[in-house]
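Colleague: Sequence:
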Amino acid sequence: MDSKADYFMRHKDFMDVRFLFKMLVLGGHELNKCWHDHDYYQLVYVSKGACMHHMSGKRYVVGKGDLILIPPYAAHKFSTIEKQLVEIVQFDLVPEFVEGTPDDVFGSANLPSGMPVLRDLQAALETNITKLSINSGAQVTLESLVDNIRREYNERENGYQSMIRADIIKMIVWINREARRIVKQQMSCTVLNRRDRRLQETIRYINEHFYDELKLEDMARMADLATGYFSFLFKQATGKSFVEYTNYLRIHKSMQLIRDSDMKIIDIFMSVGFNHIGHFNRMFRKITGVTPSQFRKQFERGAEEDVM
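Numbering of the sequence shown is given in the working numbering, commencing with residue 4 and proceeding in unit increments.
Don't read these hints as lab results, they were simulated from the structure.
Fair warning: there could be bad hints in the mix.
Computed list of lysine to aspartate or glutamate pairs in EDC-like fashion (alpha-carbon distance at most 20 Å, straight line) [what the hints assert, rightly or not]:
id : residue 1 : residue 2
1  : K238      : E211
2  : K243      : D221
3  : K36       : D9
4  : K25       : E99
5  : K173      : E102
6  : K67       : E85
7  : K51       : D150
8  : K25       : D150
9  : K25       : D42
10 : K300      : D263
11 : K134      : E146
Whenever a hint applies, use it, and build me the whole structure from the sequences.
Modeller: Here's what the structure looks like:
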């Protein structure tokens with residue numbers, strides 16, 4: 004049974020009529036812990052830590068990488084977990100935001116009526132999936148969209164409304180695809196058996212410890228599977244071999260450190276789990292198309308151009 008909301012939130016009370024969208028980045032002490040509902044859609048991405056979300060008579064943990072879908076007029080609230088930090092990125096939007104273009108961006112031009120992006124979101128919501136737990140590969144795509152929206156919203160350069168709208172539309176279509184994928188998986192196998200649970204637990208361990216020295220035999224033993232069978236199931240689940248997958252995680256993390264820190268490349272390659280600089284350079288170039296030094300120069304050049 005759904006809980007009754009303590010209060011109701013209207014978009015017109017806090018949204019600019021010319022730009023029917025709002026973004027908030029909230030820590031644990033800022034979460035809305037009272038039952039409430041609203042007349043707009045809400046997408047919530049957990050960027051750090053974990054907390055509890057309550058909606059539709061259910062109470063469940065949401066953690067880093069999870070995306071919560073909250074439709075209009077659905078009573079819900081958050082609560083914190085003891086000794087657990089959390090950060091969420093909350094996007095509030097109304098249908099007009101993605102179905103039409105405000106005059107202050109493109110004059111009198113409008114997008115075609117009945118644009119299907121909100122129908123995509125509603126389709127995802129109708130699957131009764133209120134939380135999407137994103138795997139590490141898809142998480143890269145989602146985090147990129149979230150980061151772009153945060154940057155555009157905070158910097159507010161010319162045309163930022165159009166950039167945010169475009170990324171929100173991408174996110175909604177992507178959500179619908181993920182929801183459909185999850186439903187398909189649930190239809191084919193309603194209950195994961197022990198083998199699948201152990202495999203997923205092992206993949207989760209790899210995602211969290213990729214910087215350690217990981218051996219295929221050890222991971223197979225953790226999943227309680229023969230090495231060859233583990234390799235087969237692992238590639239089915241991730242689309243990559245064990246070596247390809249760990250290299251991908253390590254290179255993705257190194258890209259983040261090169262871009263966002265002043266660490267030396269020789270320190271970065273060791274911190275993400277590589278033992279030899281030559282192997283690191285080869286894998287980095289194979290995945291990105293450039294060397295680590297070239298990758299850093301590209302971002303430094305971009306930063307200089309922004310300043311100029």
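Colleague: For each hint, tell me whether it holds in the structure or not.
Modeller: Structure-based check of all given hints:
1. K238 x E211: Holds, at about 18 Å.
2. K243 x D221: Since the Cα atoms of K243 and D221 sit roughly 18 Å apart, the hinted pair holds (cutoff 20 Å).
3. K36 x D9: 11 Å, holds
4. K25 x E99: Holds, because 13 Å separates the two Cα atoms, which is no more than 20 Å.
5. K173 x E102: 13 Å, holds
6. K67 x E85: Distance ~16 Å between K67 and E85 Cα, so the pair holds.
7. K51 x D150: Since the Cα atoms of K51 and D150 sit roughly 13 Å apart, the hinted pair holds (cutoff 20 Å).
8. K25 x D150: OK: K25 and D150 at ~15 Å, within 20 Å.
9. K25 x D42: 13 Å, holds
10. K300 x D263: 13 Å, holds
11. K134 x E146: OK: K134 and E146 at ~16 Å, within 20 Å.
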